[in-house]
Amino acid sequence: MVNKSDIKKNGESVDRDGFGPSTVQDEVVLELKNLQTHFTTKWGTVKACDGVSYAVKKGETLGVVGESGSGKSVTALSIMRLIQSPPGMIAGGEVILNGRNILELSEKEMTKVRGGEISMILQDPMQALNPVFDINNQVGEAIGIHQKVKGKTRWNKVVDALRKVRIPAPEMRARDYPHQLSGGMRQRVVGAIGISSNPSVIIADEPTTSLDVTIQAAYLRLLKQIQSETGAAIIFITHDFGIVAKMCDRVAVMYAGRIVEMADVREIFNNPLHEYTKALIGSVTKLEEKTGRLPQIEGQPPLLYNLPPGDAFAPRSPLKYDEKDALIRPELVEVEQDHFVQLSRCSVADFDKYKDKVSY
Amino acid sequence: MTTEEKKDYSKVGSAVGCSNDGDPIIQVRNIRKWYQVNKSIPIFGKVDWLKAVDDVSFDVPAGKTIGLVGESGCGKTTTAKMVLGLENPSTDGETEVGEIFFQGENVNDLTAAGKREMRRSVQAVFQDPWSSLNPRMRVNTIISEPLEINTTMTKKERDVRAGDLLAEVGLNPYQGNLYPHEFSGGQRQRIGIARALALNPKLIVLDEPVSALDVSIRAQIMNLLVDLQNEHDLAYILIAHNLATVRYMCHRTAVMYLGVVQEYGDTEEIFAHPTHLYTNALISAALPSHPDIERDEIVLPGEVVSPVNPPAGDVFMTRTPLPVRKNHKYTKERPPLIEVGKDHYVVETPWSTVTGHDLSEFRLSVDQEMK
Ligand SMILES: Nc1ncnc2c1ncn2[C@@H]1O[C@H](COP(=O)(O)OP(=O)(O)O)[C@@H](O)[C@H]1O
Ligand SMILES: Nc1ncnc2c1ncn2[C@@H]1O[C@H](COP(=O)(O)OP(=O)(O)O)[C@@H](O)[C@H]1O
Ligand SMILES: [Mg+2]
Ligand SMILES: [Mg+2]
Numbered sequence: 046m047v048n049k050s051d052i053k054k055n056g057e058s059v060d061r062d063g064f065g066p067s068t069v070q071d072e073v074v075l076e077l078k079n080l081q082t083h084f085t086t087k088w089g090t091v092k093a094c095d096g097v098s099y100a101v102k103k104g105e106t107l108g109v110v111g112e113s114g115s116g117k118s119v120t121a122l123s124i125m126r127l128i129q130s131p132p133g134m135i136a137g138g139e140v141i142l143n144g145r146n147i148l149e150l151s152e153k154e155m156t157k158v159r160g161g162e163i164s165m166i167l168q169d170p171m172q173a174l175n176p177v178f179d180i181n182n183q184v185g186e187a188i189g190i191h192q193k194v195k196g197k198t199r200w201n202k203v204v205d206a207l208r209k210v211r212i213p214a215p216e217m218r219a220r221d222y223p224h225q226l227s228g229g230m231r232q233r234v235v236g237a238i239g240i241s242s243n244p245s246v247i248i249a250d251e252p253t254t255s256l257d258v259t260i261q262a263a264y265l266r267l268l269k270q271i272q273s274e275t276g277a278a279i280i281f282i283t284h285d286f287g288i289v290a291k292m293c294d295r296v297a298v299m300y301a302g303r304i305v306e307m308a309d310v311r312e313i314f315n316n317p318l319h320e321y322t323k324a325l326i327g328s329v330t331k332l333e334e335k336t337g338r339l340p341q342i343e344g345q346p347p348l349l350y351n352l353p354p355g356d357a358f359a360p361r362s363p364l365k366y367d368e369k370d371a372l373i374r375p376e377l378v379e380v381e382q383d384h385f386v387q388l389s390r391c392s393v394a395d396f397d398k399y400k401d402k403v404s405y
Numbered sequence: 016m017t018t019e020e021k022k023d024y025s026k027v028g029s030a031v032g033c034s035n036d037g038d039p040i041i042q043v044r045n046i047r048k049w050y051q052v053n054k055s056i057p058i059f060g061k062v063d064w065l066k067a068v069d070d071v072s073f074d075v076p077a078g079k080t081i082g083l084v085g086e087s088g089c090g091k092t093t094t095a096k097m098v099l100g101l102e103n104p105s106t107d108g109e110t111e112v113g114e115i116f117f118q119g120e121n122v123n124d125l126t127a128a129g130k131r132e133m134r135r136s137v138q139a140v141f142q143d144p145w146s147s148l149n150p151r152m153r154v155n156t157i158i159s160e161p162l163e164i165n166t167t168m169t170k171k172e173r174d175v176r177a178g179d180l181l182a183e184v185g186l187n188p189y190q191g192n193l194y195p196h197e198f199s200g201g202q203r204q205r206i207g208i209a210r211a212l213a214l215n216p217k218l219i220v221l222d223e224p225v226s227a228l229d230v231s232i233r234a235q236i237m238n239l240l241v242d243l244q245n246e247h248d249l250a251y252i253l254i255a256h257n258l259a260t261v262r263y264m265c266h267r268t269a270v271m272y273l274g275v276v277q278e279y280g281d282t283e284e285i286f287a288h289p290t291h292l293y294t295n296a297l298i299s300a301a302l303p304s305h306p307d308i309e310r311d312e313i314v315l316p317g318e319v320v321s322p323v324n325p326p327a328g329d330v331f332m333t334r335t336p337l338p339v340r341k342n343h344k345y346t347k348e349r350p351p352l353i354e355v356g357k358d359h360y361v362v363e364t365p366w367s368t369v370t371g372h373d374l375s376e377f378r379l380s381v382d383q384e385m386k
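Chains E and A supply the protein sequences, listed in that same order.
Counting in this note's numbering, the first sequence runs from 46 upward without gaps.
Counting in this note's numbering, the second sequence runs from 16 upward without gaps.
All the pointers check out, no bait thrown in.
Covered stretches of chain A (in silico footprint by chain E; criterion: 3 or more residues with CB under 8 Å from a CB of chain E, positions within the stretch not fixed):
1) 193 to 204
2) 225 to 237
3) 296 to 303
Derived from the structure by calculation, the hints contain no laboratory data.
Yeah, the Cβ is synthetic: ideal placement off N, Cα and C, and Gly gets one too.
Extracted from the complex, chain E is given alone in its bound form:
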């Protein structure tokens, strides 16, 4: 079972794991343009999201990957306009959802967008659910907000939503309270609330970190099925390249509030250019073979109020470089078609190959 025959030949199309074929369509549903979110702290300004740009297409799953503190959640909360101010503030950029910049909407209009066109599924289901209300109440409220339904119709919709996320005996579970459900079932309820509005974008912020492997696999498969039924775009936030390998069509790697590399999932795995991407992929423990010592990234992610100027990754890069090159702020450049990398002499071994694409 754990062997080389699990590796798909190029172009092989058997669906072994029930995750289905890719559902990516051409239409862009969400685009971030140079999004910037800052926090004012006693140590200074924290640029947690420091000029992030990416686009997600209908039916596409974009993985946003990086270590804790790299700004993944802040970027997601900025899209939802849920950054608390103060201390936070969206300092610039655009978030184009289905053709309009939602940063310009009134708070009232934005409330409709949240839990309507976009919805966010959080990491900790206990945080998302209220312990004193039953499941019917909470899923029903979510449905009621954007569909204005009551009574029997509402009840039927709740049961339907629970059925959609494959909760067994939904009529009974709807009367349960959160603590009566297992972790996996709670996560599904949160999922049911998340998809009840038929969103065009689902943001999943590490929704499976605390789950068992079996339950995690079932939940990921469920998200994929919902996607193939509804054509939703998914932004999947994670620190685990294993999830990326399983789930994502495209990947954006974040470090210190910025994207350092972005490409198609196979391109990222087969041809990573940034040392940070290489290190994150390398540090995934392989089940397929007994490996020698694991490659590891030295050091810790940086504190964002105390960032080195220029290339923030340079201090952890294994490459040899000139100190003055570390001071240059690297740009995100399209080096091959649809393959973007933050071109720095300190963190990209192939810098010279692409150096005519930048002015430094």
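Following the hints, complete the assembly by docking chain A with the ligands onto the known chain E.
Below, chain A with the ligands without anything else, positioned relative to chain E:
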């Protein structure tokens, strides 16, 4: 290694797959832990038992790692607690059931000096780096607390030792003056490991030591644990639900389900020829390390079954996707572990490939899963 007299293992009972090879530090024989769930009102005298651990045996040889793997609730932590003496193996809350041996001696028969030696020799590191360290204590104090309790070292000697330990786990000795909240998750786990190392133990019980950490930090901690093992000839009991972690770290592995070991033996042997359907299901659910790797999904219906009043015989009967046939040999008593390869054992049930099943039979479509 210090020169010690040859240990006497003659009192240790035998168990399938366990021998006295490699001078085991700990040997566990047929331990059980049942919790009574309806304490206040046993209706009509009927008592419900939650069988957290139900007949587990294994050896922990010096310098080697034993992995306990399985979904949450299968009894891994409870097993570890019994090894650590934090719970007593019992099926009624009082009477001891099964035996635990420390270097060949039943732990109940240890002399006061023997008990002290065991307390020093067996240490633990827990999963949650956020709550396992006292937030009001400086790191130096946290690390040297075991030294203060168990040795006659002076404050100054202890501080020096704490500094050495911090260096050994990859931290800076000056960081000993800081408080836990000033460290990241990975660094806190290093502090926990330094504390566990303070008394030069022979065995460290590691309960999900990397599950709460970022993948990149997990690699650092696993490398550190392997280095320390080689350096100090340390034995580990490693509890994990991530199979890749187990394959990387463990020499021997026990796959547990509902408090019972389903498959046991040499780790490489198990991964090369996973035999029990449950082991195969865990493997199929594990995340791939490349998008081109796609394993056949083996979908088990539902979630882990409640350990309250589990089946008397084969515990997997209530989770298997296949029908339980009339000729199932073990519906009333526990199936024994049988040898299926070199140092590789599996419970004798219809759910293993040795009994002639082709695994493709187990593959379920997702729609079937819903029913
Ligand atoms: N409320 C806040 N006040 C100050 N800084 C914050 C706040 N929220 C987030 N940050 C900063 O933003 C950084 C990125 O956080 P986050 O987006 O949560 O990271 P990730 O999701 O990648 O783990 C954090 O390291 C922190 O410095
Ligand atoms: N003190 C206790 N009282 C009652 N039940 C317990 C107690 N400790 C653990 N359990 C139960 O025993 C089972 C096994 O738990 P545990 O050993 O923690 O599993 P694991 O570590 O494999 O997740 C679970 O069903 C758990 O709820
Ligand atoms: Mg986050
Ligand atoms: Mg546990």
